[in-house]
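Number of protein chains: 2
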Amino acid sequence: MDEVLIGLQREVAAALKSRDLTALSGLLAAQDASVIMRLLEREGSADRAVLYRLLGRDAALEVFELLDPGMRIELFQGLRDEDVARVFEQLDPDDRAQLVDELPAGVAQKLMRGLSPRERELTAPILGYPRSSIGRYMSTEFVRLQPQLTLGDALSHVRHRNAEAETVYILPVTDGARRVQGVVELRELVMGRSDARVEDVMGEARVVQATEDAEVAARRVVDSRLLAVPVVDSESRLVGLLTVDDAARILEDAEDEDAARQGASEPLRRPYLSTSVLGIVRSRVLWLLVLAISALLTVQVLGFFEATLEEVVTLALFVPLLTGTAGNTGAQAATTVTRALAMGEVAARDVLRVAWREVRVGAILGGLLGMLGLVLAGLVFGIRFGLVIGITLFAICTLAACVGGVMPMLARAVRADPAVFSTPFISTFCDATSLILYFLVATWVLGL
Amino acid sequence: MDEVLIGLQREVAAALKSRDLTALSGLLAAQDASVIMRLLEREGSADRAVLYRLLGRDAALEVFELLDPGMRIELFQGLRDEDVARVFEQLDPDDRAQLVDELPAGVAQKLMRGLSPRERELTAPILGYPRSSIGRYMSTEFVRLQPQLTLGDALSHVRHRNAEAETVYILPVTDGARRVQGVVELRELVMGRSDARVEDVMGEARVVQATEDAEVAARRVVDSRLLAVPVVDSESRLVGLLTVDDAARILEDAEDEDAARQGASEPLRRPYLSTSVLGIVRSRVLWLLVLAISALLTVQVLGFFEATLEEVVTLALFVPLLTGTAGNTGAQAATTVTRALAMGEVAARDVLRVAWREVRVGAILGGLLGMLGLVLAGLVFGIRFGLVIGITLFAICTLAACVGGVMPMLARAVRADPAVFSTPFISTFCDATSLILYFLVATWVLGL
Chain A
1 MDEVLIGLQR EVAAALKSRD LTALSGLLAA QDASVIMRLL EREGSADRAV LYRLLGRDAA
61 LEVFELLDPG MRIELFQGLR DEDVARVFEQ LDPDDRAQLV DELPAGVAQK LMRGLSPRER
121 ELTAPILGYP RSSIGRYMST EFVRLQPQLT LGDALSHVRH RNAEAETVYI LPVTDGARRV
181 QGVVELRELV MGRSDARVED VMGEARVVQA TEDAEVAARR VVDSRLLAVP VVDSESRLVG
241 LLTVDDAARI LEDAEDEDAA RQGASEPLRR PYLSTSVLGI VRSRVLWLLV LAISALLTVQ
301 VLGFFEATLE EVVTLALFVP LLTGTAGNTG AQAATTVTRA LAMGEVAARD VLRVAWREVR
361 VGAILGGLLG MLGLVLAGLV FGIRFGLVIG ITLFAICTLA ACVGGVMPML ARAVRADPAV
421 FSTPFISTFC DATSLILYFL VATWVLGL
Chain B
1 MDEVLIGLQR EVAAALKSRD LTALSGLLAA QDASVIMRLL EREGSADRAV LYRLLGRDAA
61 LEVFELLDPG MRIELFQGLR DEDVARVFEQ LDPDDRAQLV DELPAGVAQK LMRGLSPRER
121 ELTAPILGYP RSSIGRYMST EFVRLQPQLT LGDALSHVRH RNAEAETVYI LPVTDGARRV
181 QGVVELRELV MGRSDARVED VMGEARVVQA TEDAEVAARR VVDSRLLAVP VVDSESRLVG
241 LLTVDDAARI LEDAEDEDAA RQGASEPLRR PYLSTSVLGI VRSRVLWLLV LAISALLTVQ
301 VLGFFEATLE EVVTLALFVP LLTGTAGNTG AQAATTVTRA LAMGEVAARD VLRVAWREVR
361 VGAILGGLLG MLGLVLAGLV FGIRFGLVIG ITLFAICTLA ACVGGVMPML ARAVRADPAV
421 FSTPFISTFC DATSLILYFL VATWVLGL
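Keeping their order, the protein sequence lines are chains A and B. So for the first sequence, full-length UniProt numbering puts the first residue at 1; every next one is plus one. So for the second sequence, full-length UniProt numbering puts the first residue at 1; every next one is plus one.
Keep in mind that the hints are not guaranteed to be accurate.
Repeated chains share a single entry, so a pair holds when one copy, or any two copies, can fit it.
Subject to a maximum C-alpha distance of 25 Å in a straight line, what follows is the list of computed SDA-like cross-link-like pairs (lysine to any residue) [said to hold, decoys possible]:
1. Lys110 <-> Ala348
2. Lys17 <-> Leu352
3. Lys17 <-> Ala347
4. Lys17 <-> Gln146
5. Lys17 <-> Arg353
6. Lys17 <-> Trp356
7. Lys17 <-> Val277
8. Lys17 <-> Val351
9. Lys17 <-> Gly44
Hint data in this document are derived by calculation from the structure and do not stem from the laboratory.
Working from the sequences, and respecting the hints, build out all of it.
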């Protein structure tokens, strides 16, 4: 796969250089949509537009559906006018709704008006749900069955409606008021006796609410090993279907965001190599500034203890080691708890249980590190100094683990993204606190 | 969902307290497998064993399949002897293979010998592939078709073999030598004319090699929006099928590991609340020690410049701010690049391209922060001191971004996990380097 891509990239580069469009078309036509997607991800935006326009109609649509939202919008805006409406009409309703979110309002409205009535009808409900809700990601192209149908009739109904549906492997069963009664797998329709009734073979439906948080709902679908789950409105009426592959992609995006926040930046909207240098700077500069300004706190703390520092300059030598250890301990706790929150393993109300676990974990880690610090620092700088380092390490590890564990829980409690109070933020907070502890311990033990 | 769980947990706690096993059985029997899974995840290991034994046979198996590997092994080892062989026989072959990996070799061999010949035959090929390869996760229970079959015959073949297969929605088509010719969706079999031939409707098969890295292969399946992909051996012969839901779960585990490494710990093998305090300590202590010992480098650097520090104690005030900023900048770059590597957006050979991007990004960020530092520090401590802080910030941001971007690439190049050279490791490295830069700039500008 990777070799195919490297070879293709080389040939494409040569053809682009000599502006040989016929050769380029030929090269692209021979490739899988997923290979072309990878290729486009690695090109600059000018070449990307050229290459995309050379794709055949079907290939262009197939590649479009595989791309990240950020690249979709760029390519879409670069399309020739006559192609815009056609591509828009052919997209799946959920992909179309996501594009509408990104387009300027005027353009989006014009495109929506240009849609065929059927496609507009499939897209409108999706756009009615809040942006982070699962309603935005559901498929509205599905086939539903009535419970009284025989399996034979149900199968011919599915045959008839097949072309309209995104999936026919999971078929929701509804009553007259569109309320979900259960689900049937296509497998059961095909395998069952054709005079049996749908209600006899249908399984209990696990459903998700359309207004539910997209990440939570998606994780439930992936964890439950189902191919698709019906999406219902507040009155339990069927409005869509969430498929496992859409759920997997929602989780992938959520991981992207968590990983970026954990590293003190915002997620890039498109692949790394196709993001401009300034785009990368934009994703990082705000967090870096916020953290640097918070770090001014450490300057003040040290300024407050400047006289002590002048008296015993040796104290300064251990500052990066101590703040670093506090930051690492806090980051460990924060990462574990943030992940547990994302996986639904702990909830906001578990905050005290988590705090108590982390205090114990921190105390054990701090005890181990503290003893090591006592011995090492004691050997080089004397036993009293060793005591200062040992006691400080014990105290800051206990504190940092507790703070690191609790902060993401608090974020969740106020409905913010737990990953915002992440590694770097907690590190900075722990830096200042650990310095205060350090100097308090030092003045006490050394009798300053 | 969450309310159901909270209510259930309360009732279960009450029934456990009064040891009312009949009430407990009743409570559990009324619940979905996924709710019971969540409940077990939140209980201590003694209560968990009690609850699990109260489940009916079918429910016990269903819940077992939903659990994390760490909890599976614990529950499995707690089963009554008469149940062990039965559960083992009923597991899917890929789940069984994972269990075999975790069990003591003697126990695993005995269990494998006790399997029915058919199940043993389905499990053995999985165990033949390396642990991190996709062969370990593939399903060996599938239905394959011959290209010359008519759709009608193919459908009755599927009907006949249905019970044996994990999925029948994607059907690999093979020639006499089991080489993959294409794939057919069940949908096409059902919808097509029954006298058409399989070879006329089958699509081109995208396949994965059984020895390929599990995460890479899984990401390809999720990204390509396919329900399942055939897995082949080195001679292109069909050996299994990788379904999208298995792929999604592989990615979830990989994210777990990346997130943990990013936060300087090892992933927990089971949910947070059901891991013991000592288990959490174990997942963190090694990394914390390694990082603390690396941080001794910063003590040495500062010790080397101790005379300078004694002369100008004010220099000490900025140490945490500077090391913190270097760490944050390095972490930003490392996180972005690690993620891009995991997503397949960049490859090891892009190292120079990445380095050059990160140098520019770092220089811009450093320029901005440096100007801010110059002004702020200049106002409080005088223009010369402001210059020291400004120049140092520029230099360390440039260096840290470059180091943070390149380290994960180097890890990948030597086939290590890029997430190992993660945030905390890079922070520690940047701490020491930024201190050296700081004192060099200071001695130069202040003429010490």
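Those earlier numbered hints the structure runs against, lowest number first: 1, 4
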